[in-house]
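All chains should be built: construct the whole structure from the sequences, respecting the hints.
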Amino acid sequence: MKTNMTVSQKILAYIKGNPIVVMMALISLVVGCTIPNFFSIENANVLAGNTTVRFLIALGVSGCLITKGTDLSAGRQAALAATITGVLVQRADYAGRLFAWTPETNMWVVLLVVLCIGAVIGMINGLVIAYLKVPPFIATLGMQTIVYGINLIYTNAQPIGGFHQNFKDFFNLKLAIGGKGFSAYILFAVLFGLLFWFLYNKTTHGKYMYAIGGNENAAEVSGVNVRKKLTTIYMIAGMMYAFAGFLMTGKSGGASASMGTSYELEAIAGCTIGGVSTTGGIGTVSGILVGVLVFELLKIILQFLGVDPNFNYIVQGLVVITAVAMDIRKYVAKK
Amino acid sequence: MSEYRLEMRGVCKSFPGVKALDHAQLCLRPGTVHALMGENGAGKSTLMKCMFGIYSMDEGEIIYEGQKVSIKDPLEALHMGIAMVHQELQPIPARTVGENIFLGRYPMKKFLGFIPVVDHQKMYEDTDALLKKVRMNFDSHQKVGELSVSQMQSVEIAKAVSANCKVLILDEPTSSLTSNEVEALFRIIEDLKADGVAIVYISHKMDEILRISDEVTVMRDGQYIGTWDAKNLTTDFIISKMVGRELTNLFPERHNVPGEVVFEVENFTSINPKSFRNVSFQLRKGEILGVGGLVGAQRTELMEGLFGIRSHTTGTIKYQGKELVINRPKDAIDQGIAMLTEDRRATGIMGVLSIADNISVASLNKYLDYGVVINDRKVENLVQDNVKKMNIKAPNSKTQIKSLSGGNQQKVLIGRWLANSPDVLILDEPTRGIDVGAKYEIYCIIEELARAGKSIIMISSEMAELIGMSDRVMVMCDGRVTGFIDGKDATQENIMELATQFV
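Chains as they are written, first to last, in the working numbering: chain S, 1 to 335; chain U, 1 to 503.
Honestly, I wouldn't trust all of these hints.
Estimated spans, in silico, between C-beta atoms of each pair [claimed, not checked]:
1) U:N327 - S:I153: 40 to 46 Å
2) S:T34 - U:A94: 52 to 58 Å
3) S:V307 - U:L103: 45 to 51 Å
4) U:C12 - S:V7: 26 to 32 Å
Since the hints were made in silico from the structure, they are not lab data.
For clarity, every value in this text was computed on a predicted model and none was experimentally measured.
C-beta atoms are modelled at their ideal positions from N, C-alpha and C, and glycine is treated no differently.
Here it is, written out as structure tokens:
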């Protein structure tokens, strides 16, 4: 039936299916036409940078959502990776070093270290959920506060700065010559987008993930090792948060335990806006990207309109609830 | 007032991409049992959901006691006196029988003269009276989750009766009942009839229909085919109306020849002392072994034990003399065993996923390029092969499986298992909830598999199927095997005798 639709019908169907995306496009068009500098490379770069971090977290959490779980520890895990990155890339001659004994480490080695830590935390989440059968909401809520506690204790709740030049240089790297253009690290968003597309569509890992989300019992009967798969999914998620945390430190030139607060909610919101179903088994990488982009765009628009930043929270909350309500409506509306 | 209690005329209802009802009609007289018949997907349930206010009609009218009415939601239907016992029971397991029955309309009293509170005493007294009325004797304080499926069904019926309904819809009420319980249900139906209730009875079981119904309405493809007086009807006539053609054979001709013993189970015992114990049997190459017994005989549990879904304490499983170690389904699959589970929705289909994803999930490793990349073309070939071989009706391989009819879903699931080319195939109620036409096709597939040398274990609660398809019948009762009967000698009587040995 769908194949016989004319172009105008297709456009109409898209608008009906993605009301928030269409709404955001219209609003940004209006804002862009009325406020100068909205359509500028600098602004686009800010948007791309913010989106990159959230996209990586959202990719991580998407596996949990597709298997009917969730991960509320995402933001705190990213923050832990951020501070560890900060500590390890501090200059040896920097007076405010948190630990005198930490070496000035090559940034790629640092990345490897935080990825490993992320994998371990994620794996613990996965084991608790898959083997101890603790509901994901509770398990990761617990992990959220544990990780936050660890982060506060070892950093003494102090901000971390004074990074070595190589690290700073990498994050100042621009794709266009002359200092104007997009930051190079947004390529990670592209890289991981492609990687996850491949993972979700072309590997047994992805197929089994969707199968578990579609019907966990049926997946087990069909020979999927559900517990192992769930553990892997949470482990990959942990690594994604760690990667995002690494980028957060580089991007902002500093790190603290309070970074990344409520990023998990933003990531879950982005996924949901992008069509990852809260009832499991459904979700695409392109959808997640669109969802995160819309959410970040919304924040920037509010900023350009001069809205008090504290109001942002309210608006964002409303958008999330609306998105889920719309998603659920797709199923109830069939009555 | 008209002669009818309720009339539905010219009812149309479309879902995206499919016209589920196309000018359907149904006219119910008071004090009669009206059987609504049709293959799966004929629109019976949709029509009932329109009557009960779960769906809204696109077109058509409902005339209730001579008045044209519109029913917006189930609550309104209940207030009007229309009650429905659903095919899939929807009890709240953690609450008591009484609370389930009076959910949403608890009897109230005033505490301290002005605070409204639930009158538990009255509620349980009323529940006891109701349970007595439906001839069920169990405790109204018992948690519904502790009841058997058939008892839950009785609770649902008691709930419907308690609403003082004038129209009662029973959607496949006997699919999980034993013959004694069916008799009890029929007595309740007779009582209700005598009270002037108009009853809609949906079932696939012909003998039941012919026994208790007064009128029969047949639907096909969402359309009204006709209504007949039940007295003069025959099974063949109804079936021909349902499928729109004459069906000569219920079962295919059998050409499979059982060979040497290949699969042996010895002294197999569950970790649960109330479940299967000391089960031993042998299975031959190319043999169809039917497994009969009453509900609760632990047949499903035994097969799930063999397949690694449930745990066992002692016992050995051998294939061609080699002992198999099976602790989870994956072990069984890797060693050439497949199992089509009983409850398609709970442990079979992944509803929101595509046909391609559903059919390939158990054999994905076969379609990899370079050991990691899934080759979509190979998966598509698998789908097309099965679509052709088993006559699966579906728009394309990306269609969500939940939008297919039960028979087509079952064929996809059979395809899922055949993709692994198993040696031993366990089929647990392979034709449950499947319409007559598709049933025959599934029998043909089973026969063909046996002919190709696969060994098949088939659990069935349908006597005709058990007798018509099995080379041998193994009968179980209360977790134990009570005997084997050769397929040629099997009769309803000798199977039932073994099935009730310890009851």
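Each hint tested on the structure:
{"no.": "1", "hint": "U:N327 - S:I153: 40 to 46 Å", "in the structure": "holds, 42 Å"}
{"no.": "2", "hint": "S:T34 - U:A94: 52 to 58 Å", "in the structure": "holds, 57 Å"}
{"no.": "3", "hint": "S:V307 - U:L103: 45 to 51 Å", "in the structure": "holds, 46 Å"}
{"no.": "4", "hint": "U:C12 - S:V7: 26 to 32 Å", "in the structure": "holds, 30 Å"}
The structure shown violates none of the earlier numbered hints.
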